[in-house]
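Asks: Those sequence lines, one after another, are chains A and B. Residue numbering for the first sequence follows the numbering used here, beginning at 6 and increasing consecutively. Residue numbering for the second sequence follows the numbering used here, beginning at 143 and increasing consecutively.
Derived by calculation from the structure, the hints in this document are not laboratory data. Some hints could be false.
Derived DSSO-like pairs (lysine-lysine); straight-line CA-CA distance at most 30 Å [said to hold, decoys possible]:
| # | chain 1 | residue 1 | chain 2 | residue 2 |
| --- | --- | --- | --- | --- |
| 1 | B | K160 | A | K83 |
| 2 | B | K563 | B | K186 |
| 3 | B | K563 | B | K160 |
| 4 | B | K160 | B | K269 |
| 5 | B | K269 | A | K108 |
| 6 | B | K488 | B | K346 |
| 7 | B | K382 | B | K186 |
| 8 | A | K83 | A | K108 |
| 9 | B | K186 | B | K417 |
| 10 | B | K422 | B | K160 |
| 11 | B | K170 | A | K83 |
| 12 | B | K382 | A | K108 |
| 13 | B | K303 | A | K83 |
| 14 | B | K417 | B | K170 |
| 15 | B | K303 | B | K186 |
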Amino acid sequence: MARMLVVGVGNPLREDDGVGWYLAEALGRTGVPTHTCHQLLPELAAELSQVDLVLFADARAEGPAGQIRLQPLAPSDKPGYSHHLDAPGLLAWVRGLYGHCPKAHLLSVAGAAFGYREGLSPPVAAALPAALAQAGALLEQQEEICHA
Amino acid sequence: MAQTIVIDPVTRIEGHAKITIQLDAEDKVADARLHITQFRGFEKFVEGRPYLEMPSLMARICGICPVSHLLASAKTCDELLAVAIPPTAAMLRRIMHMGQTIQSHALSFFHLASPDLLLGLDGDPAKRNVFGVLQEYPQLARDGIRLRQFGQEVIALLGGKRIHPAWAVPGGVSAPLSVEHRDQLLAQVPEILSLAQRTLDWYKGVMDNYREEIRTFGNFPSLYMGIVSPKGELELYDGKLRIMNARGEIIADQVDAYRYPDYIEEAVEPDSYLKSPYYKPLGYQQGMYRVGPLARLNLIDACGTPRADEEWAEFRDLERGPASSSFHYHYARLIEIVYAVETMEKLLRDEAILDPHVRAIARPNRAEGVGIAEAPRGTLIHHYRIDQNGLMEWANLIIATGHNNLAMNRSILQVARHFVKNQSLSEGMLNRVEAVVRAYDPCLSCSTHAVGQMPLHVQLLGPGGKLYAEVQRD
Chain A
6 MARMLVVGVG
16 NPLREDDGVG
26 WYLAEALGRT
36 GVPTHTCHQL
46 LPELAAELSQ
56 VDLVLFADAR
66 AEGPAGQIRL
76 QPLAPSDKPG
86 YSHHLDAPGL
96 LAWVRGLYGH
106 CPKAHLLSVA
116 GAAFGYREGL
126 SPPVAAALPA
136 ALAQAGALLE
146 QQEEICHA
Chain B
143 MAQTIVIDPV
153 TRIEGHAKIT
163 IQLDAEDKVA
173 DARLHITQFR
183 GFEKFVEGRP
193 YLEMPSLMAR
203 ICGICPVSHL
213 LASAKTCDEL
223 LAVAIPPTAA
233 MLRRIMHMGQ
243 TIQSHALSFF
253 HLASPDLLLG
263 LDGDPAKRNV
273 FGVLQEYPQL
283 ARDGIRLRQF
293 GQEVIALLGG
303 KRIHPAWAVP
313 GGVSAPLSVE
323 HRDQLLAQVP
333 EILSLAQRTL
343 DWYKGVMDNY
353 REEIRTFGNF
363 PSLYMGIVSP
373 KGELELYDGK
383 LRIMNARGEI
393 IADQVDAYRY
403 PDYIEEAVEP
413 DSYLKSPYYK
423 PLGYQQGMYR
433 VGPLARLNLI
443 DACGTPRADE
453 EWAEFRDLER
463 GPASSSFHYH
473 YARLIEIVYA
483 VETMEKLLRD
493 EAILDPHVRA
503 IARPNRAEGV
513 GIAEAPRGTL
523 IHHYRIDQNG
533 LMEWANLIIA
543 TGHNNLAMNR
553 SILQVARHFV
563 KNQSLSEGML
573 NRVEAVVRAY
583 DPCLSCSTHA
593 VGQMPLHVQL
603 LGPGGKLYAE
613 VQRD
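Same shape as in the complex, but just chain B:
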């Protein structure tokens, strides 16, 4: 008799989601689906607002990565103005973006993922959380706190506050960097780099403990997408799109932001508010691609900073082609923290960073603009159209978690098929299904709902919705 397992809500992710696992008549997993159960509607309610408001409004999409939306939006508005922003403004935006990458990656790794890595996927769920990490591994927890604190300090010093800074504006940024603040940040770089390296070294030491998870956590061929610099190096703030296939061959390169509709189509499924973008030339499902740290480190030619390049060389040795297991998102995330700290230091040591000319003033010169950035979780696309009065007529946003939607579904199915053996719902099995979602670090909450110690509710349902079994943890 066919049955359905429901995991609702999925815990330790940013937002609300549930997972349905469909069993067939022989109690084997037939299908698995990730449902995003919250709706935001930003694309619709910004219509009619002045374009100048967009960076501040769009930053409210997310409480974890507001800087990514702020910058993607400001870049889109730069396009509407049709101006080249002052070089120092671009450098400052980039520094803030590095700060956010550090704090967001640290949140994902230390607060959300590390309980599984440190305390075991089969560990007692009452202890397998950030508090368990705090008790058992206080040094690692302190390192996580410190990295987060530093990333937020970068954002606060530049933007005036930690969350939702309105500092990036159309044409540049609203305030230059002071000598005092530059020195304050530079003084902390050696310590932060050391913490990032220590965490990475620790992770590499324990990675072998997770061979089975590496083999089964979203380990399948897919495309990869991200932006790269003109030299093909890792780029988080500005660059052009590159797409790689499962064999490691680059199938599209240096694609201008405006041409994204030639490559990406968005499908809609009836059971989720999250759209399912795919690579248009290959069609729905076959065009599944992954974005974010794993994809970025797979498709670049180099990171472009010394220590990150050393680490990236090791990362590339994981497999002969692209690293195909989504478990390696964790590894890639830690390398990107190193890259972000190094990049920030390089920018802060450039004397031009103190130039007070940080904004180009102009009126709109285009009716349409596209801005792309690499958010911590992957490629972020903002696309606006305005009328002759500068009011928003239309917006399209493609968020990193959306790009990964098809891959997350495929990953859940793979994990469920491997670990779900019958109708009995073991804690470790359920946690693995959740953990594969966490590997992508999906950001669904966008700051509107509570997250953290949400209960895990699993139901085993038969045809017609009859409840066969139920598991609940607080």
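This is chain A alone, in the form it adopts within the complex:
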């Protein structure tokens, strides 16, 4: 069985910035291990070193509201640090510390509103089913690869 982890990043108190949490929590209900956080921290490297695939779910500020993007990620040349730590920077920590790195993807949804309130804007809420479908397909594909 493939070892997978979904990492939802963002702040659910800032509207669409919390879309990563929504995605992670929805995928968690299907049995996939998840981790939600406001920002990535180096300590997550230990957890990532134990999985075959990690899917980061996050909001992004650019692009038409609700636009979904699923892209593969590779470790950056230099590990990120502290408040500047992004997913490729975290993957660099994993590789540097543990000598290997999981396959990684970033599922991002372009946000429309980042104000001080809970809840998603209509275009981002409307994009959730399609985003979940893309994530589900990716995770299923990984499962099949591991079974083969």
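Since the structure of chain A is provided, determine the placement of chain B on it from the hints.
Replies: Only chain B this time, still in chain A's reference frame:
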């Protein structure tokens, strides 16, 4: 001609600060100042808010040690309620505090200080950072990651999340500990204790490489302050104040939290947002004291746990009296990690830890309350006054880094006088000036600003602000 060297910002600390070194006409260091350039204003903007909100609000002061503020605030609110919280609630709060001590000390040692210790204070600045440690000493880096991960797991399992848990409330805590979570934590204790001991053993092995730094990094007589248990043992969550002088004599003991204004006064300097507390009976400057791991291990009678006591006995042998070099903050920090893991294990093995009665319910019965805890960086004091409707009228917070402000300034001056020889700004010299600040592990950011790979900007200024020389690294 008198000149000024400015280090702005100071790197690998939590927050924004700059250092000014004033040279005299003969290019000798005349003075040095640490300026804290950020302002928060928590004491003011909590006015008018319900006291019940204080633990959650105050935890936002800091992203590194939110638990300390959470607990100090909850303790202050306990005082407003005038209740004795259930014993299990106190035990659970203490466990969370140990988790935070582990993760915060690990952050300070592994992420912020270890590049200097492992890669050398004169090392290439491009490599002398946590990434250099990761490449050259991956096992040590993994140990640091693991200790941080464990400390945060403790906080998350108890409080529901790693940062800013709202679990400690006036009167106790909001949820008891489950058997599953207790067992989950206990199962990890042997590994964590082993990592902590391994790091401590490694540090003791290399400490001799830093004789010059030990001799010159904030090595001066001062007072020391911290809280201790009724038996005089190391205490991080609850206890009473003890103050020791430079000769190792206890000059105040078992001081109740409410009496802190009898002993501590806060001075304000025009060039920094950080106040300068001092020991009132001796006056400003002469009343300089240090808090935090070094002070705590200097003033206690024992740690109170087996392995930490063994290590503390060695620590006490460093000098005939109190260990006076601020370089030894690193050493003390590692001993406290061992203490925190041992203390946590003892509490988790107590069956009472699973008692579901974890909160006392009451309305405010006092208009004023004071709560004290030992944050990782030192003594933390919260002091509130509320009106008849339970709304905050006034707050005073004295933070660990503030207590150390005078000592940090003195330390910078000592290092600058020793290492700054003339107008030429060597990398190693600048790094030593920064490193002595790092020894105190000052926490200035309080989670509002970015920290990490900040550039180091040094300016050599003449009278009137004319720029004579400049050094910048990315």
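Asks: Please flag the earlier hints that this structure goes against, numbers listed from lowest up.
Replies: 2, 11 and 12
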